[in-house]
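*Asks:* If you want the building blocks of each chain, they are given just below.
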Amino acid sequence: MEKIKQAKLEDKIMTIVFYIVAGFFLILLLVFASYVIIKGFSGATSQMFTFTSKGVLNQLFNTIYLVLLSLLLSCPLGIGAGIYLAEYAKRGKLTETIQICIETLSSLPSIVVGLFGYLAFILMTGMKWNLFAGALAVSILCLPLITTTTFDAVRALPDYYRYGSMGLGATKWQTTYHVLIPSCMPRIVTGIILAAGRGFGEAAALLYTSGMSTDINWSNWNITSPLCPLNPFRPGETLSLHIWASFTEATAANAKDIANLSSAILMILVLMFNITVRIISKRIDERAGGGK
Amino acid sequence: MQLQKGMFRKEYFWKWLISVCGIIMIVITIVIGAFLIYKGSYTFTGFGHSIGEFLFSAKFSPNDSYSGSNGSVGAAVFIVGSVLTCGLALLISTPFSLAAAIFMTEISPKFGNKFFQPAVEIFVGIPSIVYGWTGLTVLVPAVRDVFNLPYGNSVFTAALVLALMIFPSITSVATDAIRGVPSSYRDAAYGMGSTRWQIIKNVVLPAASSGIMTGIILGLARAFGEALAVAMVIGKTRVFPKNIFSSTSTLTSVIASNMGNTFDGTEYNSALWSMALLLFIISLLFIFLIHFISAKGEKKANGKD
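Protein chains in written order, with the working numbering: chain A, 1 to 292; chain B, 1001 to 1305.
Each hint can be trusted.
Capping the alpha-carbon separation at 30 Å, the derived lysine-lysine pairs in DSSO-like fashion look like this:
1) K1110/B - K1201/B
2) K1110/B - K5/A
3) K93/A - K1300/B
4) K54/A - K1236/B
5) K1201/B - K3/A
6) K1242/B - K1059/B
7) K1236/B - K256/A
8) K1201/B - K1299/B
9) K128/A - K256/A
10) K8/A - K1110/B
11) K1114/B - K1201/B
12) K1015/B - K1005/B
13) K8/A - K1114/B
14) K1010/B - K93/A
15) K172/A - K93/A
16) K90/A - K1005/B
17) K172/A - K90/A
18) K1236/B - K39/A
19) K1201/B - K12/A
20) K1296/B - K1201/B
Rather than coming from a laboratory, the hints here were simulated on the basis of the structure.
Take the sequences, apply the hints, and build the full model.
*Replies:* Dropping the structure here:
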């Protein structure tokens, strides 16, 4: 009897412990997020919301532009590789090698990717720090994510999609292009958004590739000019690098406030992207569950 | 017939293109690996330092010269720094992650599914630089005041930042692992009159152990590769930490803060590349470990059934 009582008591105590730990961490995460956002905006001045060297909007533009560039590179390649693995590759040495490579890429520390980018895209090409090199480095980080989501999405499609299409006389590529890719597009998009979210926050890989300065002129639309905002071969500091710069250099008097604001904007961007992903994947689940 | 010919040409073209995409993945990986080996081994081949010196010597003062081995490239301080910070972060994070994962799956699955897990997963994506910056502005002064230290930059602060950063990663993998335990296991144990805690301790956790280990190693890998967040809060001293409240450097923080000051091909530069190579090798090791553990877990599961 004593033993049972003790077991019951232990169970009660542990349940309370779990409630406390879980509650504590949930609150910690929420407090952390709201602290970063509130702190960022409370110290902001109207000057910071300008496209000047004292504002952060140039950096915000650089961030978005760099992520777009890197997605332009990594999406076709990643989706292509994912489809190859799911539909075309035969089980064997080659497929295994590709899978090991993807795993290796996804576990590379971003600072290592940054060093590689510095060597391959800056030193060996003889260019100065530029956005395009940064985009290439970020692509290396996004590639495994996009490839695995595509692979999983295509693999998860039931076989009768393929049989149905091929039964009508479609070739393998026609089946892939007209049936398989459209039906798993939402899932692939989820992967792309996640990859973009990763790109937004990336700093270590950009440290020695995209440079720590931004010198652009918004009235200059000659794309070959280094002052033109759209020129990918100009140095471009992203928001996350801006935070790092205010730690290492801290030139402006209000560097701390600027970094706080940059963190807040980054946090909002990432939360927005992740919540979008949630909504999309919930819709997919509903549709797959027979909602439509 | 004309149409069909075009159709097949297209077929082969796309097949070829898609295969190239797959091959490119291999090429990228090999190129990165080859560059790292080429640049990282130059410390040993070009400057004549021994691998033993690199791994075990604590004297790090490489020269900015292109030839001769006048300096010393011992990276032991940084290796110890990395291992210590990440180990401590894991020690802090793992119990909490496990507790949160158990709470989500066993104790309050409804709330966990609807609210807790999405919240945790969203936090996996928060950029590490934000963790670092918040650590620098909030945790560093807090640690200084609470523990009465001259400076708040310490191994402990870095471990706290890393722990907060890897908590969501470990939790979400561990949750999936625990959720994967068949409910027949639990029902059987309940049928024998076990309490919930007994089931969690004796049935669920052992059954999910290989998945949980995978989560822990993934968290460790993330912590090990993290550069800037750690560099912001650990301080920059290049000596062994006396205790967890003194500052030191890690492999990643040294690379991040010094690479920009060196010239390509110098002894200093090569030493940093060797550290990058070491990081690469360690990340390969983590992958190997994960494969090993999941293969073992599968064997165990198959053996039991």
